Amino acid sequence: MDTPSASPAGLTRAGYGAIWGVLVFLLLLSLVGVRIGDPAFRNLLVFGVAAVKAFLVLRYYMHLRWEPLFVGAILLSALLCLAVLFVALLPDVVWRDGWVRP
Amino acid sequence: MDESAHGTVPAPGAAGLPSGRLGMWVFLASEAATFGGLVTIYLLSRLRHPEWAGPASHTLLPVGTVNTFLLLTSSLTMVLAHHGARAGDAGAARRWLRRTAGLGLLFLGLKALEYSHEIAAGNVPASGGFWTFYFCLTGLHGLHVLAGILVLVLLAGSRSATALARVPPAGLYWHFVDLVWIFLFPLLYVTTR
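First to last, the sequence lines map onto chains A and B. Each residue of the first sequence is one higher than the last, beginning at 1449 in our numbering. Each residue of the second sequence is one higher than the last, beginning at -4 in our numbering.
Hints were generated in silico from the structure; no laboratory data involved. Predicted model, so just to flag it, every value in this text is computed and none were measured. In this text, a Cβ means the ideal position worked out from N, Cα and C, and glycines have one as well. Check before you lean on any hint, since a few could be wrong.
Said to hold, decoys possible - Derived DEER-like restraints, expressed as beta-carbon distance ranges: (1) A:Ile1522 x B:Ala121: 32 to 40 Å; (2) B:Leu108 x A:Phe1489: 41 to 49 Å; (3) A:Val1482 x B:Ser40: 17 to 25 Å.
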């Protein structure tokens, strides 16, 4: 059975608060994306910010930094499956009208 | 083995970490595949339907922003509950768990207001492709938030000796719920402008 003291070491309370401050700043930064006219740059900024926020939550709040490496591999395997799904379906979505149906 | 205020610390399992935490990580990987699959199909459908940009621009960005702030703050309170549990401070852990649940309830309350606004405006799941995905993604996420709140309330109210031990895996689940919203927010509110 787990005990709380068996959970991984983490930051101090001030450290967690600092991460929260960064997350809130990044949230405000992503709102700047609303003002950007170029869709490509806007998407890059907004999803880039989301990726950084997700990284901070995973690493410091979920304590992935202090977990064994294979835990990250478990998560990565799920993401890889999604990437395969996206790439495999992309031709069907993009070129559907051009396919010759039997 | 170490002696702690909570008794003997068990040796980690063969995987090098306690089974409860390992089980939660595996569960979250499956949840990532679930939400990720929906998001993937939404992204592909958006590529196929550029006309969805019109209805997509009607989502309520201020509400989405406040909700994102609430969930980010709830992640802080959750990790502080974990910190308290790890230190053996049951009182602090329960207080932070209750605050986390409270922030989750605020999130759901705002979500309910948002849904009623959209429905009043005629935007329902059958209104079109975008709104189908919007209600499906946010609805599934909302159900996960609700389940998380129930767990947190039960943990905060429990005087069982094992309750503190369940805070870390509960925390993992709650942070995952926040993680999903971190991506839903730009997907459904920011890039739709």
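| task | Against the structure, test the hints numbered earlier, and report the numbers of the ones violated in rising order. | result | Hint 2 is the one this structure does not satisfy, whereas the remaining hints hold.
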